[in-house]
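*Asks:* Working from the sequences, and respecting the hints, build out all of it.
Chains as they are written, first to last, in our numbering: chain A, 1 to 430; chain B, 431 to 996; chain C, 997 to 1251.
Since the hints were derived computationally from the structure, they do not count as laboratory data.
No more than 35 Å apart at the CA atoms, straight line, and that leaves these computed lysine-lysine pairs for DSBU-like:
| id | chain 1 | residue 1 | chain 2 | residue 2 |
| --- | --- | --- | --- | --- |
| 1 | A | K229 | C | K1217 |
| 2 | A | K242 | C | K1217 |
| 3 | A | K403 | B | K949 |
| 4 | B | K911 | C | K1027 |
| 5 | C | K1217 | A | K277 |
| 6 | C | K1217 | A | K230 |
| 7 | B | K624 | A | K277 |
| 8 | A | K40 | B | K562 |
| 9 | B | K624 | A | K242 |
| 10 | C | K1216 | A | K229 |
| 11 | C | K1179 | A | K242 |
| 12 | C | K1216 | A | K199 |
| 13 | A | K229 | B | K624 |
| 14 | A | K244 | B | K624 |
| 15 | A | K403 | B | K562 |
| 16 | B | K782 | C | K1179 |
| 17 | C | K1217 | A | K199 |
| 18 | C | K1027 | A | K427 |
| 19 | B | K632 | B | K645 |
| 20 | B | K782 | A | K277 |
| 21 | C | K1216 | A | K230 |
| 22 | B | K781 | A | K277 |
| 23 | B | K632 | A | K244 |
| 24 | B | K947 | A | K403 |
Some chain C residues flagged as far from chain A (calculated, every beta-carbon gap over 10 Å):
| id | residue |
| --- | --- |
| 25 | M997 |
| 26 | F1053 |
| 27 | E1074 |
| 28 | G1161 |
| 29 | G1187 |
| 30 | D1188 |
| 31 | F1227 |
Far from chain B, by Cβ distances over 12 Å, these chain C residues were calculated:
| id | residue |
| --- | --- |
| 32 | N998 |
| 33 | K1027 |
| 34 | E1028 |
| 35 | R1036 |
| 36 | V1047 |
| 37 | I1055 |
| 38 | N1077 |
| 39 | E1084 |
| 40 | E1101 |
Even glycine gets a Cβ: it sits at the ideal position worked out from N, Cα and C.
Chain by chain, the residues:
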Amino acid sequence: MEIRDVPCPFCGCLCDDISVRLDDNRILGVENCCTLGNAKFLSKGRLQHPIMRKNGKWVEVSYEEAIDETARILSDAVRPLLYGWSGTVGEAQVVGVHLGEEIGALIDSTTSVCHNPSILAIQEVGHPGCTLGQVKNRADLVIYWGCNPIEAHPRHMSRYTTYADGYFIDNTVTDRKVIVVDIRRSEGAKVADEFIQIKPGGDYLVLSALRAMVRGRDDVVPDSVAGVKKEQLQRVASLMQKAKFGAVFFGLGITMSRGKYKNVRNAIELVSELNRKTKFTISAMRGHFNVYGFNEVLTWMAGYPFAVDFSRGIAFYNPGETTVIDLLERKEPDACLVIASDPGAHFPKSTIEHMAAIPTVQIDPCVNATTALCQVQIPVAITGIEAAGTAYRMDGVPIRMKKIIETNFPTDQEILERIVTRIREMKRDG
Amino acid sequence: MAEILLKNAYVIDPISGINGELMDIAISGSRIVEEASQKAEVIDCQGYLTLPGGIDSHTHTSGTKVNFGRYMSPEDMRAGRTARRGPMHITSGYSVPTTYGNSYRYSALGYTTLIEGAMAPLEARHTHEEFKFTPLQDSFANTLFDGNWGMLRALEEGDITRAAAIIAWTLTAVKGFAIKLTNPGGTEAWGFGKNISCINEKIPTFDLTPADIIKGAIRANEMLHLPHSVHLHCNNLGTPGNYTCTIGTFDLVPDINDKRQSLYATHVQFHSYGGSGWGDFCSKSEPVARKVDFSPQIVIDMGQVMFGRTTTMTADGPMEFNLYRLHHDKWSNHDVELETGSGIIPVNYRKKNLVNSIMWAIGLELALLVKNPWQCLLTTDNPNGAPFVKYPEIIALLMSKQYRDAEFATIHPDTEKRVPLPALDRELNWHEIAVMTRAGQARALGIIDLGKGYLMPGAEADIAIYPIKTDEIDPSAEYEKVIAGFSRTEYTIKRGRVVSRRGDAIIDGENTTYWVKPKVPAVYDMQHDPAFIELFERYYTVRMSNYPVQEEYLHRNYCIETETDL
Amino acid sequence: MNVTITFRNRTNPFIPIEAEMITPDAFLQDKEILVGEGNRTVPLEALADLVIEGDGFSIEEVDILIRGDSSRVKRVGEYMNGGTITIEGDIGMHCGNFMSGGRIEILGSAEGWLGREMQGGEILCHGDAGDYCASGYRGGRRGMRGGSVEVIGSVGDFACEHISGGEVLIHGNTGDYACAEMKGGTVTILGDSSRVCANMSAGTCYVYGSAEEMIPTFEKKGIVDHDGLLFHHFMGDVANRGRGHLYVARYTYLQ
Ligand code: SF4
Ligand SMILES: [Zn+2]
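*Replies:* In structure tokens, the structure reads:
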């Protein structure tokens, strides 16, 4: 059997044209997918039962016991943290937000460690963006700044930009120019019409220089800015202004380098300035397939896209204070629930140590690096393959993830609902 | 079934022809009935003003653009935070509250039905997700067609039937309610950073003018027998001198529906400007109102501006960019492929600002000058002119010349030379207010048949009871009491249950989403139309099979099936 | 009225305490002081010894002394409008938020957001201050608006972000992006600074030390004498149509 138009539950491109061949409830093959997505669809090996540490050893326990223990940990905590969320669907995230509100928790997502600065920048100056189809149909200039689509979003260029069929683009190869900006010559640089190599940490300065040039104030710009010759900047500024539709995509190269959100802010302000001359848009290359969805859900429910502290009964938001890394570095949380992410694999050492020192529970289908930090792990259905629900693409377009495999594993949403119910029972029974 | 008996309700129900009668209202389940049994819970209304639940026929509360307004504005979020209390969840936000914030605050004002003013079809799922978390009001979505390539191509080919078929497919797919046109042609032009400045100017990409789009959409709308008319945000919003464009647009509208208007023009305040620039900017509410008076086929809403901070958000991308250049504050823009655009900027309407003062006056003038209240409904285009929590103040301004004069004395002194407001003595009465906040909406939206907007047996039991005794208040002098009375109902009843009591939501609630499904013959079913399918395959970035809003998003819903002339 | 608050040692000293009610005004009005410890709300006395001596009839007569470990106590002096608060040790985040009058003196160091959105009054910090000293809130367009902040030590990143009024004096160095988006007020940095005044539109900033990685879009206006020293005078940020004044003793570009 073949199921068509399946959205890929891996990266923020959320390609929804995947064909999956099935036999007897097993995936045999995947078409249209890139290697990253393929690996996700075909991954094997998962945790079969909930597990709990007892006397220092992992033992298999029932779902009921694992949920009971989780509820007890969260109810006892004075500063519980609910973290992760980007790898699950909106329907589960909603339950998570209600849970956080009910127990006065901190809630934060993987946004905190990737595009957190993009959001801070947007909150200062807004976001001139568009859906990806606008770029596909219209853009004659595409700029990849501090990101490597070929590695991290393999189908971005073929589906949405450089190589995509576009209504106003007769010949995608000759009619679209590509500029790549990075601190080193990446794969993407090879296909670029213009490659700008910036000294590490110099993005902000280059963006300021371009803004001044777009305003016609080349005179104030020194001969070289962060390793880039003034002539090249002038050439690029002119390319930008001549474009009919320019689209900037940026990634962790500018959000995670020195200056973080100020870099993004400057890029946005450059784009806003360019809109006085022509059409320009800017978009973040979001990572997890539903990282944007959590931002949306938390925003309509609590008013902020990530990093919310419910401890005082209202929603308080202040990245730098209520963000996961800062909280763990200050050793604030006294219990932690991790879901749909794997902080153990890439968080800084001191923060991982704190997670291991407090009762930490993980809801995840697989044993991963975070398992080592946990007291309890509850296995669930794999979202987007065994569980359906809503995800938001990197440009905000909502897409329904499909369930293509039957499973006996409960979904993230079901587990979270059971935890909420159990916490209420415990509260009622004192 | 649960029963409620409202005793001693002082009822104004314009649709049923009741203008201030003391009566009892019996409710059984979700509906108003002839009489209740002995078991009914009795609520003594003590002669308080009792109206059908409020209906906002044009507001922005749910969806991609609204949520982005929240997302980009932590300063607005912190300005309106409330704690968890009883069944009430936490809320954040002043001008763009969270979904629960919208729902609780609207409910406190007695509103039971909201029409989301602008839903981009591609992002419809998002709107429906937020509807689910706006539990105390029924939801309807005006669906954006201003830059819909499928529809524009059909109109360009002169094939109105095909345009209607595409509209039908899209509304059904995205679970929309009505056709919304925002700056028709302008949003397509904005795809390359341009705009359209006249209804007779050719738009890019298609061999059409805005006038062609408007006329074509009106005809298609009536071929589909949709409950509501075309809902139009005219071209040239916010530009000095745009009133001629507005009147020119009204001239295009035939009178082809005997139950309701043929065109609903929204936030007309923003479209009633005179002058050739900001220097000689002035009110042209008089010619616009006169035009409405002579055009029974047109209904407008005010789009009243009130002073203070708010956030503007519309599908009108180019207009928002112009605002950004004026204010130089934050600016967000979000164009939607093959469909429409959108923009968001925060604004602060200030009394010291002459233009803002004139805008404030124009909205009121429209409501006072249009003779028939059924043709001019009360809105702020929430939150564009002001957050909806300002409605009680607007009601008071319309009911009191004294209040208007007092306010007028505090605004920019030059306003007097630019607006007719000081000369207008009209004071609206309770009945007229009831028309402008619920009955008029129900008729204009075409939802009276669904039991909306009136209080007779058979109607949906959506009721607002205000702590106002009309015979004890002189609204022209005691406007403070009018404001207080409309700010917080004694009871708001939604679908037969008390949902809000003295300002607090008291149950979780569950709303209904209304959507339309025109019955289209197989030959016009776009699902199997090769050209339509090709448009999707080549130019959309979402597969056609993944585009429709799935059943899962509809929770409680009501499908309005229409017979069509296709 | 003299109020002495002595925080006791806690079993888990890392849980933050939110104490926005610790202001002279609240004590003058004899309010019950409730604080948040994590997600619980408790009376201040549950965490600290409280001694109140004498009466006060006006805000100017209220002096608060905070002792013990207050390094995790947030929001002390929020909306303070008169009187004094003296902190013997370190203080947690958001000390003096929205303050409009009175004086806060910190003998130790302050965590982030010291004097956030301050409108008036004085803050003196003898140690270092964290990030966002004298700055604004997320998404806000105006940071500190009035009053004065003096830090004897150094400050973290984003000091005086969005500042639009008031005076700030930093004796030590700043981190990255001091005075970013500056719109008014006067900031004096006696030490070194990095990428100072990025995107400023108005206001005045002096750097007595070295301005590293100068923003490349400031217009050079010449050398001027200030305070008996020679400074390079810049105006900008040109990228932002800005007309602010930046005076630096020495500077470098990232070329
Ligand atoms: S680009 Fe991303 S969404 Fe598309 S197939 Fe690859 S991993 Fe999946
Ligand atoms: Zn609107």
